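Chemist: Sequence:
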Amino acid sequence: MPRRYRYAELAAATGNFAENQRIGQGGFGWVYRGFLNNDGAGRHVAVKALSSDSSAQGRKEFEAEVKTTTRLSHRNIVQLLGWCECRDGGLLLVYELVPGGNLDKRLHSPARDRLLTWEERFEIALGLGSALRYLHTELEQYCVVHGDIKSSNVMIDSSGEAKLGDFGLARLLQHRADPRTTEVVAGTIGYIDPEFVNSRRPCAESDVYSFGVLLLEIANGRRPTPPAGKPGGASASATLLGRVRDMHDRKAVLDAADVRLAGDFDEQEMERVLVTGLWCAHPDGSQRPSMVQVMSFLKPEDAQLRVPPPTHRVLELETSHGSTRSSVASTTYHTPPDSGHLMTEQ
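Counted from 1, the sequence shown has number 254 at position 254 by full-length UniProt numbering; the numbering is strictly sequential.
Please keep in mind that the hints were generated in silico from the structure rather than gathered at the bench. Keep in mind it's a predicted model, so treat the numbers as computed, not measured. Please note that the accuracy of each hint is not assured.
[Stated by the list, open to error] In silico lysine to any residue, SDA-like type, Cα no more than 25 Å apart, as pairs:
id : residue 1 : residue 2
1  : K105      : E271
2  : K105      : T137
3  : K299      : E271
4  : K60       : G42
5  : K105      : L126
6  : K105      : L261
7  : K299      : P289
8  : K105      : P227
9  : K60       : N198
10 : K60       : E120
11 : K60       : T70
12 : K60       : R200
13 : K105      : S159
14 : K105      : H44
15 : K60       : G100
16 : K105      : G89
17 : K60       : A41
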């Protein structure tokens, strides 16, 4: 169970929050590497800090992370070890340190010697699917909607196992209860569910959509949206989802496999990942599979089981000049400079 830490413990563990101990940054503040030596059993940790002058939204996300992660225990979810409330109003969260970096960096690293093999990618996809199945269906009273599934929120440990982190946008929903609308629509461009943008109702189906996009990214090796300023960046066909959908329509979905793999992959597994990704990213949430179904198709007991083909046109958010406008709503979006999250402007 997570426990309360004293500030002095965490200051000592991080060298008094020294600059050379910083390993990451978000809209909330810095993340520090530390070493805790409790009862002689030392361990490396990551200490996530929320400064006392953080925005109201930053504090809300931080508190949501505490509320959610204290309830969770799964091998594919970054483990929360504890927290600390500081005298000046700041907050600290203590997590296990996952040494392998995040999936975004591993997938998109230009270094050939760090290229993830297909076997590694497939196991990562299965691990993340297992984590989401747990969040959506295996907790007794609640369904946990993560709210920001993306490659940079997936950590890779030293054995290559995936661990889902950053629960700042997570919500606890009672099973079979209708979700309430939220005042702020937040997520990440390229991964956020367009239906959630319109309805403002967080639900498991929106996580499934984001997971579908992430499956395509794992298989294809490209990010969901093209770099800012790239020609054609405002068109749906320029996005990863649009390109894979076009290849599927031409009955050439395996052409979407990461070219850096040079054909070194199991074709049946690759096809399952790509087609399941398209199915998860169906524009109609009611047509998306549950995570239980997703896992049954990614690794079926019956090897002859086929993934139902996605019979929809891709419907996405269109990006243009750093802003995002929805093809299904009139809401305008922006990306804050200190965050990967997307929020609506009213």
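Chemist: State for each hint whether it applies.
Modeler: Against the structure, the hints:
no. : hint           : result
1   : K105 with E271 : 24 Å, holds
2   : K105 with T137 : 30 Å, violated
3   : K299 with E271 : 12 Å, holds
4   : K60 with G42   : 32 Å, violated
5   : K105 with L126 : 19 Å, holds
6   : K105 with L261 : 17 Å, holds
7   : K299 with P289 : 15 Å, holds
8   : K105 with P227 : 16 Å, holds
9   : K60 with N198  : 22 Å, holds
10  : K60 with E120  : 35 Å, violated
11  : K60 with T70   : 16 Å, holds
12  : K60 with R200  : 17 Å, holds
13  : K105 with S159 : 16 Å, holds
14  : K105 with H44  : 21 Å, holds
15  : K60 with G100  : 29 Å, violated
16  : K105 with G89  : 33 Å, violated
17  : K60 with A41   : 33 Å, violated
This entry does not satisfy hints 2, 4, 10, 15, 16 and 17, going by the numbered hints stated previously.
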